[in-house]
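Student: All chains should be modelled from the sequences, with the hints used to inform the complete structure.
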Amino acid sequence: MKVEIIAAATTKFGELWHRSPRDLAKEAVAGALIQAKINAKEIKALFVGNMLSSSLGGQDHLGAFFAEELKMTVPAMKIEGACASGGLAIHAGVMAVNSGLYDKVLVLGVEKMTDHKPEEVAQALMGAGSDMEREAGATFPALYALMARAHMDKYGTSEEELASVAVKNHYHASLNSHAQFRNTITVEQVLRSSMIASPLKLLDCSPITDGAAAVILTNNKKPVPTGRGGQITKSKKVINIIASAVATDTLGLAERKDLTTIYATVEASEKAYKEANIIPKEVDVAEVHDCFTIAEIIAMEDLGFFPKGQAGKAIKEGKTKLGKGSPVVNTSGGLKASGHPVGATGVKQIVEIYRQLKGIAGKQQVEGAKIGLTHNVGGSGATAVIHILRAE
Amino acid sequence: MISPVKIWRSQKKIQNSLGVSGKIISYTRVFVPPAGFESQAPYIVVIAKLEKGDKYTAQLVDWDEKHLQIGQKIMTVLRRTRDPGEEGVIPYGIKFKPL
Numbered sequence: 000m001k002v003e004i005i006a007a008a009t010t011k012f013g014e015l016w017h018r019s020p021r022d023l024a025k026e027a028v029a030g031a032l033i034q035a036k037i038n039a040k041e042i043k044a045l046f047v048g049n050m051l052s053s054s055l056g057g058q059d060h061l062g063a064f065f066a067e068e069l070k071m072t073v074p075a076m077k078i079e080g081a082c083a084s085g086g087l088a089i090h091a092g093v094m095a096v097n098s099g100l101y102d103k104v105l106v107l108g109v110e111k112m113t114d115h116k117p118e119e120v121a122q123a124l125m126g127a128g129s130d131m132e133r134e135a136g137a138t139f140p141a142l143y144a145l146m147a148r149a150h151m152d153k154y155g156t157s158e159e160e161l162a163s164v165a166v167k168n169h170y171h172a173s174l175n176s177h178a179q180f181r182n183t184i185t186v187e188q189v190l191r192s193s194m195i196a197s198p199l200k201l202l203d204c205s206p207i208t209d210g211a212a213a214v215i216l217t218n219n220k221k222p223v224p225t226g227r228g229g230q231i232t233k234s235k236k237v238i239n240i241i242a243s244a245v246a247t248d249t250l251g252l253a254e255r256k257d258l259t260t261i262y263a264t265v266e267a268s269e270k271a272y273k274e275a276n277i278i279p280k281e282v283d284v285a286e287v288h289d290c291f292t293i294a295e296i297i298a299m300e301d302l303g304f305f306p307k308g309q310a311g312k313a314i315k316e317g318k319t320k321l322g323k324g325s326p327v328v329n330t331s332g333g334l335k336a337s338g339h340p341v342g343a344t345g346v347k348q349i350v351e352i353y354r355q356l357k358g359i360a361g362k363q364q365v366e367g368a369k370i371g372l373t374h375n376v377g378g379s380g381a382t383a384v385i386h387i388l389r390a391e
Numbered sequence: 000m001i002s003p004v005k006i007w008r009s010q011k012k013i014q015n016s017l018g019v020s021g022k023i024i025s026y027t028r029v030f031v032p033p034a035g036f037e038s039q040a041p042y043i044v045v046i047a048k049l050e051k052g053d054k055y056t057a058q059l060v061d062w063d064e065k066h067l068q069i070g071q072k073i074m075t076v077l078r079r080t081r082d083p084g085e086e087g088v089i090p091y092g093i094k095f096k097p098l
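Protein chains in written order, with numbering that gives the first Met the number 0: chain B, 0 to 391; chain H, 0 to 98.
If you are wondering where the hints come from, they were derived from the structure by calculation, not from laboratory data. Just so it is clear, the structure is predicted and the values come from calculations on it, not from any experiment.
Per the computed footprint, the stretches of chain H lying under chain B, defined by three or more beta-carbons under 8 Å from a beta-carbon of chain B, are:
#, segment
1, 20 to 26
2, 54 to 68
3, 80 to 92
Examples of chain B residues lying across from chain H (beta carbon under 10 Å, computed):
#, residue
4, 119
5, 142
6, 251
Quick reminder that beta carbons are idealized off the backbone N, C-alpha and C, glycines included.
Tutor: Written out as structure tokens, the structure reads:
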């Protein structure tokens with residue numbers, strides 16, 4: 000499988016009270032069209048990754064909503080899978096291009112979250128959970144806290160190890176001009192931050208974020224012209240998606256086989272490695288779904304980067320940090336520090352890996368990165384989406 | 000407001016799940032609640048493995064610190080769940096109490 004990415008752009012992520020979803024979408028898409036040096040008329044279909052437009056925004060016709068803003072009349076649709084909406088939208092774009100139905104598609108991930116009160120956002124996010132979880136008053140921090148407690152009990156994972164994920168990701172975000180939080184933090188600050196759902200504290204949790212990201216995919220066999228000026232001239236490398244895999248598990252956390260593994264991640268990544276014909280060791284750089292610090296630890300294990308129960312220690316020792324890590328994980332700052340506009344996250348992950356493989360990632364560049372992976376999770380692990388990208 | 004029909008439909012299933020014992024397999028204390036649970040926070044949310052082997056997510060009530068551990072025995076009881084507001088039907092559901 001081979002689908003080429005010809006452009007990838009994001010807005011700045013953050014509390015963007017002065018920006019509307021329309022503004023955000025327009026900025027990300029304009030950035031992508033300029034990079035690709037194509038006219039919007041060349042786009043044959045639009046896939047919008049978004050979770051909360053219905054519950055928070057009251058907008059239930061999102062394909063047409065953004066097509067109107069972008070002055071397009073092409074087939075346009077929303078793709079939804081909770082926090083994996085962005086990854087699923089990329090998957091839909093890949094399917095569309097790969098099938099030959101459309102030769103160029105635009106995938107837009109967008110979310111506007113900060114207009115609303117925290118309880119409203121927490122309740123809306125629980126739309127990704129099950130009835131039983133909602134009736135228990137569980138929140139997403141609570142569900143991941145239940146996984147954290149079980150992981151700590153089974154493998155001896157410590158709160159310091161959890162904290163070290165946030166410390167690393169804030170360091171990476173400090174190098175990323177588009178990140179929500181660009182301050183570095185210490186393990187002690189994480190441990191002292193206020194409790195959200197024990198053992199997860201404020202600084203173990205990804206924030207509420209506004210943002211958008213856009214990617215243009217093509218099956219065009221012709222080489223993309225590399226014009227003068229701009230970042231694209233820096234590299235003539237072609238960046239391809241060489242695997243796109245999705246797996247689904249039970250909606251509720253309690254119904255799963257155990258709480259310390261996200262089986263959807265295991266299954267989707269096995270499919271993706273097989274499709275790409277690579278092993279986990281060959282991945283140079285990865286963007287993984289660190290909605291909470293425990294999620295990155297579990298992801299590192301489920302993706303095959305570390306044996307079960309050993310990722311916490313490895314992350315604490317800096318084995319996934321820029322400079323000496325392999326793979327280097329969450330160079331954007333991850334969901335934790337770059338921000339987590341839920342429907343945009345899966346698309347932003349692709350943008351970050353594209354920039355890494357292209358060699359235009361700036362201060363957070365992983366030298367010589369050739370193979371990259373993205374890992375996007377919906378809910379407490381009901382949906383997992385894996386993409387593998389290669390520079391060729 | 001939660002739909003009264005939805006409450007009526009789901010409450011028909013509750014009686015089969017009452018008085019069932021089980022064990023805590025994980026727990027958390029929730030300090031930042033979703034809408035409808037503000038007055039109860041902080042509260043404990045538990046996943047327990049019940050007698051027949053199925054697992055269930057619910058709040059723990061009538062607890063002391065000593066009960067907050069994996070392996071603690073519990074039993075299912077009927078309790079009010081979320082705040083229905085001034086005009087909503089009061090929803091009842093399953094919670095756990097320590098044994």
